[in-house]
Amino acid sequence: MKEQSILRLQVFKWFLTALLVTLIARLFFIQVLTGEDYAQLADENRIREVTTLAVRGLILDQAGRPLVENRTSLVITVDRETINELPDNGNEVLSRLATILKKPEQELRDRITPCGATGSAPPPICWNGSPLQPVPVARDVGYKLALKIMEDSLNFPGVAAEVAAERVYPAPLGVNAAHLLGYIGPISAEELADADQASGYKRTSVVGRAGLEKQYDLVLRGVDGKKLLAVDRSGKVVDEIGETQPIPGNYLITALDADLQQVVERELQRAVNRARENNFVADGGAAIVMDVTNGQVLAMASYPSYEPDIWLNGLSNREYKSLISEANGVPLLHRPTQGLYAPASTFKVVMTAAAEKAGMPLTGLYNCSPEVTISSRVFRNNESRAYGPISLARALEVSCNTVFYRIANDLWEQTGKDTMKTGRDPIDKMARSFGLGKITGIDLPSEYAGRIGGRAWKRENWERNKDVWCERAKSGYPETAKRDPVWAETLRQYAAENCADGFLFRAGDAVNIAIGQGDTVVTPLQMAVAYSAIANDGTLFQPQIAKAIMDVDGNVVQEFAPKVTGKLNTSPRVLSYIRAALTNTAISGTTAWVFPGFPLEQVPIASKTGTGQVFNKQSTSWLATFAPAINPRYVVVMMVSQGGTGSGTGGPSVRRIYEALFGIRGSTINPANAIFPYGKPRTKLPTIDINGSPVPEAEAIGRTKP
Amino acid sequence: MSGAIRDASFVWRRVSGAPRFRRYRKFDFVLIIAALSLSLLGALLVWSSTRITAGAAGDSLFFLKRHLLNLGLGLILCLIASQISHRLVRAYAPVVYVLSLVGLIAVLLVGTVVNGAKSWLAFAGFTIQPAEFVKVSIIVISATLLAEKRDAENQPLHSIVVAALGVAAVPVLLILLQPDLGTVLMILATLFAILAVSGVSRWWLIGLVTSAVSVVALIVAAGVLAQYQIDRFTVFLNPDSDPLGVSYNVRQAEIAIGSGGWFGNGLFQGTQTAGQFVPEQRTDFIFSVAGEELGFFGSSMILLLMLFITWRLIRIASRADDLFGRLVAVGMAGWIAIQGFQNIGMNLELLPVTGVPLPFVSYGGSSMMALWLGLGVILNLDATKRRR
Chain X
508 MKEQSILRLQ VFKWFLTALL VTLIARLFFI QVLTGEDYAQ LADENRIREV
558 TTLAVRGLIL DQAGRPLVEN RTSLVITVDR ETINELPDNG NEVLSRLATI
608 LKKPEQELRD RITPCGATGS APPPICWNGS PLQPVPVARD VGYKLALKIM
658 EDSLNFPGVA AEVAAERVYP APLGVNAAHL LGYIGPISAE ELADADQASG
708 YKRTSVVGRA GLEKQYDLVL RGVDGKKLLA VDRSGKVVDE IGETQPIPGN
758 YLITALDADL QQVVERELQR AVNRARENNF VADGGAAIVM DVTNGQVLAM
808 ASYPSYEPDI WLNGLSNREY KSLISEANGV PLLHRPTQGL YAPASTFKVV
858 MTAAAEKAGM PLTGLYNCSP EVTISSRVFR NNESRAYGPI SLARALEVSC
908 NTVFYRIAND LWEQTGKDTM KTGRDPIDKM ARSFGLGKIT GIDLPSEYAG
958 RIGGRAWKRE NWERNKDVWC ERAKSGYPET AKRDPVWAET LRQYAAENCA
1008 DGFLFRAGDA VNIAIGQGDT VVTPLQMAVA YSAIANDGTL FQPQIAKAIM
1058 DVDGNVVQEF APKVTGKLNT SPRVLSYIRA ALTNTAISGT TAWVFPGFPL
1108 EQVPIASKTG TGQVFNKQST SWLATFAPAI NPRYVVVMMV SQGGTGSGTG
1158 GPSVRRIYEA LFGIRGSTIN PANAIFPYGK PRTKLPTIDI NGSPVPEAEA
1208 IGRTKP
Chain W
-4 MSGAIRDASF VWRRVSGAPR FRRYRKFDFV LIIAALSLSL LGALLVWSST
46 RITAGAAGDS LFFLKRHLLN LGLGLILCLI ASQISHRLVR AYAPVVYVLS
96 LVGLIAVLLV GTVVNGAKSW LAFAGFTIQP AEFVKVSIIV ISATLLAEKR
146 DAENQPLHSI VVAALGVAAV PVLLILLQPD LGTVLMILAT LFAILAVSGV
196 SRWWLIGLVT SAVSVVALIV AAGVLAQYQI DRFTVFLNPD SDPLGVSYNV
246 RQAEIAIGSG GWFGNGLFQG TQTAGQFVPE QRTDFIFSVA GEELGFFGSS
296 MILLLMLFIT WRLIRIASRA DDLFGRLVAV GMAGWIAIQG FQNIGMNLEL
346 LPVTGVPLPF VSYGGSSMMA LWLGLGVILN LDATKRRR
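One line per chain: the protein sequences are X and W, in this order. Using the numbering used here, read the first sequence as starting at 508 and increasing by one per residue. Using the numbering used here, read the second sequence as starting at -4 and increasing by one per residue.
In case anyone wonders, no lab produced these hints; they're calculated from the structure. Do not take every clue at face value.
[As the list claims (entries may be wrong)] Short, incomplete list of chain X residues facing chain W, as computed with Cβ under 7 Å:
id, residue
1, Ser512
2, Leu516
3, Leu523
4, Leu534
5, Ile537
6, Tyr545
7, Ala546
8, Asn552
[Unchecked claim] Derived Cβ-Cβ restraints for the label pairs, each shown as a range:
id, chain 1, residue 1, chain 2, residue 2, range
9, X, Leu560, W, Met296, 42 to 50 Å
10, W, Asp54, X, Lys651, 40 to 48 Å
11, X, Thr711, W, Leu262, 35 to 43 Å
12, X, Ser627, W, Leu262, 51 to 59 Å
13, W, Ser206, X, Ile513, 20 to 28 Å
[Claimed, not checked] Not everything, but these chain X residues come out facing chain W in the computed CB check (under 10 Å):
id, residue
14, Gln511
15, Arg515
16, Phe519
17, Phe536
18, Gln547
19, Glu551
Fair warning: this is a prediction, and the values are worked out from it, not measured in the lab. The C-beta atom is built at its ideal place from N, Cα and C for all residues, glycine as well.
Work out the full structure: start from the sequences and follow the hints.
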C-alpha cells in the first residue's frame, strides 16, 4: 500500500516533469532555432518607415530660366478608408466638405474613387494612386479654410489639411510648352508593375506622367529619405530609430530657350489666325526649331495647347473632356510628335534623292506639263500650271507635280507592281533613310512613327485586312444597304477588288507617294529631322530637348552628346543640289513672296512648301525650312492642319522666327538683337547658386541684353 | 538548511524582537526561496510590462507595488498557515471552502466579466478571484477526507472517495459556469493525482479516466461549450481563423518570446513589451516578457524553478508519513506544475488559450495569496513531521 502510493507519486512526478520539459524544448525551438524569424517579425511589428519626400528637380531652359519649379501649397486630403467606414459611406462628410470647398459633392466623390472601380470617372479625375493613400481633393486652399477643417475634426473625420510640394510653371516670357513639360501625378498600378526595382517607385510615389516630367522622372525625382520610427501597438511613435536624408532631384537643363519658345508659340498662333482669316478651319498646328548641327530642340510648339497647371488641381471632368474634345482640336495631342499628316510637297526632296539614286541625272531636264496621263488616268498640276522642260531643282522650287509623277511612274515601271514578288522600292528606301516611317527617338514619351505608303506598307496592309475584305466581298454591307444600297454596293466592289489584288502597288499609288500623298503620313518632327539632315550634309540626329543634368550644387552630372541615328542614303553632291534648289525657292519659288526685304543675301533661307490634300478636309499647310542655306544652323518647320497653303499660312510666321533668330529688323541684321547671345545657341550651361537657384543669365555672363 | 539563512533569521528575530516562531528551523527554506525567487522575478516582469502604461497614468511603479503587496500578504498568510496546527488547518479548510463557494456564486451573480469569463469579484477597490481560493481549499479538504482515520494502511472508503469528488464537483460546476475551463481541467487533474496517491483502487482511477473521456466526448458532441471556448480551440487548431482576436494575442506573445533569442533584449529593453504589443501581458502573458527580455536562459530559468518547486513538493510528499501532508503536497505540486504548463504552453502556442495565471509570476493577488497559503500549510506539516 505504502509502496503503491510512493509509486504513484513517482509516476505523477515524472508526468509533471515531462510536461515542463516539453515546454523547455518548445521554448528552445522558438527562441533559439527560429528566433531570427521572430526577431524580424518583432521589428516589422514595431518599426514604421516614414518617407521624407525628396524635392523634385527643376526644369530649366538653356539660359537657366526655370520652366518648372516647386512651391508648397496647403492641400485638403480625404482618407478613403475612414470615409468609407462611416455609416453613410461618408456622404454627410463629403457634402459638408463640398460646401466649404465650394465644389460639387459629386466631384469629390469622383476624385476619391479609384480608377477602375465601378462607376469611376475617366483616369485623370478618378484616383490613380494607392487606395490606402489619402486623396488630395483641393489644393492651394487658404490658411483659414485649412484651420477651419482641422479645428472641426469631429465634423470632418478622415479629412486633413497637409502641406504638399507642388509644381509651379513660372512661364518665363509667357511661354506655355505644356506638352513638353508634362505633369506629375500619383503612380498608377500599371506603372508600378512596369517599373524596375532600381527606380525606387513605391505605391505612394508621385511620378512624371507625361512630357519631360515622365521622360526624365528618375533624374528629377531624387531619392526619398526615410525615417524609421518605433511605434507601440496603437501606432503611437515612441522612438526614432534612424533617418536617411532625402537626396534632392537633379535639374534638367533643356536646349529650349524661353525667348525663342515664346516667339515660336506666338508665331504658330499667328499662322493659325492667318489661316482662319482666309476661311480655313486651322484646327491644329506645330512649329519646331532645331539646331541642325546636333539635333537639339530649341523650341517646339503645338496648337491648340492648354495651361500646364491644369493638372495640378486634378482635372475636373469638364476640363478633361475639353482636353480631348474634337471641337477644341484635341489640345492634349502633341502635334509635333503625335500628329500624323501627309507630307505633301515637302516629300519631293526625298523623291529628288530617290530619282538621282535610280540614275536620273540631276543635270537633266524634266517636263513640267500641265497634266500627265498614267494608266489611263489624268493627273494634273496644281492649277494646271506648266513650266515646260525644267531641271529637278526648278521642279522643287516651283513644286511641279507632273515632273515627280513621271519620275514615280518611271521608277514604278522599273520595279513592278506585285508587292508579293518584289520588295524593291527605291522611294520607300530613300524615305526611310530620311527617318520617315519610324520614330525619331526624341526624349518625349509616346511619339508616333507614321508610315511610308510604299510597297512594304501595301503588302502589310493587305495581309492585315484581306480576311475582312474577302469576307465583305461575299457578304456585302447589309447594314449599310438598308440606308444606301448604292453606297453599299460600291463598298462591296471595293472590298472585292482589294480582296483579289489589294497587295498590288499600282501606278496610282506610286503617283500618290511622289507628292507625299496617299498612305504616307509623317509627324512634323520627322520632317524637321529630315530637313536638318539635308542641311547638315546627311546626318540624322536624334532630336533632344535635354541638354544636361545638373545637381542642386550646380555640378554637371551628365551632358547629352548629340546622337546620330542614321545617314541619308545619298551623296553630298545631291544634298548640295537640293539645298541650292531650296534656297532659290525663297528667291524665285513658292516662298519668294514671303521674303521681300529680307536680307537673303546674308541669311539665305532654304525652304520647301507643302499643301497636303486630305479626304473630306481642308489641306494641310507645310513649310519646311533651314538657314542660313550656306553652313546652316537652324531648321524651322511649321505645319497647320486644315490651314491652306504652306507659304500662305506659315510663311510670314517662319520669316519672323528667322528674324528673331538672326536679329533682323526690316532688312538689317544686328546680331545683338538675336535671340541667343553671340547669335548661337548657348554651349555654356547655366550657373546654379549655393541655394540651388539658377543664376539669371545677365548676372552670370555679366552682360545685359539690349 | 544553510547556516546563513538560519543566522539571518536569528538576527532578524533578535533585531525585530519578534516572538520566536514555532518550528521555523525545520522549514524547507529552499522551497521558500525558490517560490520567492519566482515571485520576485514576477515582480520585475510585471514592472517591465506595466511601467510605461502605468507611468502614463501617473505612477510607473503602480503594478510593481501591487505585486509586491500581494506577495507580502501572501507571505503573511503563509506564515500564519505555517504556525497553526494542522488540526486547525483541517478545521479552517471547510470555512475557506464555503467562503470560496459563496464567492463563486457571488461572481456568477455580480461578477465582473473579463475576456468572456465572469471570474472576478470587485470588492472595495480590489478584485478577488474566488476560484483561486477554491483551489487551495479543495486540496486541503480532499486531503482531509482521504486521510481521515487511517494512515495509508488501507484503501479509502468508497464513500470517502465519493465525498471528495463531491467536494470538488460543486466548485467545478460553478467555475464551469463562469466559464473557466482551464481552471476546471487543472483542478480535475490535481484531484486525480491526490486520489491516486491516496491509494484508491485502480478501478477508481480507470473509471475516472473513462468517465472523463466520455464526458469530454459528450460535451463536444452536445455543444455545451461556450462559443468563445469553441473559438479558442478552433483558433488553436487553425490559427488563421480568428473569431475572437485570440490568435492575435498568442501570435504577439510568440513573436515577443521568439525575438528574445538566447539571452533576450535585457530587462526593460523589450521592444514588444515596451510597445504593448502583447495584450494581457502582466497576467496571462507575463511569460512573454521573460521570453523577450531574458531570452532562453532567463525564461527557461522560470521553467526550471517551477520544476524544482514541483520536485521539492513531491519530495516533501514522499517523505511525509502523514497521509494528509502527503496529499496536500501532491495537490500543491499538481496545481503549480499543471497550471504553469497550461499558462506557458499557451504562451508558446502549444496549448489553446485558457485564462489561467502563471503561478507566483503573473500579476494577481488572489492567485498569489492562495499559492502562498497552500505553501504555508505544507511548510507546517513538513516541519512537524521532521521535528518528530
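Practice problem: Under 10 Å, Cβ to Cβ, is where Gln547(X) needs to be relative to chain W, so tell me if that hint holds or is violated. | Solution: holds, 8 Å
Quiz item: Hint check: is the beta carbon of Arg515(X) less than 10 Å from a beta carbon of chain W?
Solution: Since chain W brings a Cβ to about 5 Å from Arg515(X), closer than 10 Å, the hint holds.
Quiz item: Regarding the hint that Leu534(X) lies at the interface with chain W, is the smallest CB-CB distance below 7 Å?
Solution: This hint holds: Leu534(X) lies near chain W, its Cβ roughly 6 Å from the closest one there, short of 7 Å.
Practice problem: Starting from the hint 42 to 50 Å, judge whether the C-beta atoms of Leu560(X) and Met296(W) obey it. | Solution: holds, 49 Å
Exercise. Return the status of the interface hint for Glu551(X): holds when the least beta-carbon distance to chain W is below 10 Å, violated otherwise.
Key: Holds: closest Cβ of chain W sits about 9 Å from Glu551(X), inside 10 Å.
Quiz item: How about Tyr545(X): closest beta carbon in chain W under 7 Å, or not?
Solution: The hint holds - Tyr545(X) has a Cβ within 7 Å of chain W, the shortest such distance being about 2 Å.
Exercise. Starting from the range 40 to 48 Å, see whether the pair Asp54(W) and Lys651(X) falls in it by beta-carbon distance.
Key: Taking Cβ atoms as reference, Asp54(W) and Lys651(X) lie about 43 Å apart, which means the hint holds.
Quiz item: Holds or violated: is the Cβ of Leu523(X) closer than 7 Å to a Cβ in chain W?
Solution: Because about 4 Å separates Leu523(X) from the closest Cβ in chain W, which is inside the 7 Å limit, the hint holds.
Self-check item: Cut-off 10 Å, beta-carbon criterion: hint that Gln511(X) touches chain W
Solution: Holds, about 6 Å.
Self-check item: Verdict for Ser206(W), Ile513(X) (Cβ pair) under range 20 to 28 Å
Solution: holds, 27 Å
Quiz item: Is 35 to 43 Å right for how far apart the beta carbons of Thr711(X) and Leu262(W) are?
Solution: With Cβ atoms ~39 Å apart, the hint holds.
Quiz item: Should the hint that Phe536(X) touches chain W count as held when the rule is a Cβ pair under 10 Å?
Solution: Because about 9 Å separates Phe536(X) from the closest Cβ in chain W, which is inside the 10 Å limit, the hint holds.
The structure meets every hint from the earlier list without exception.
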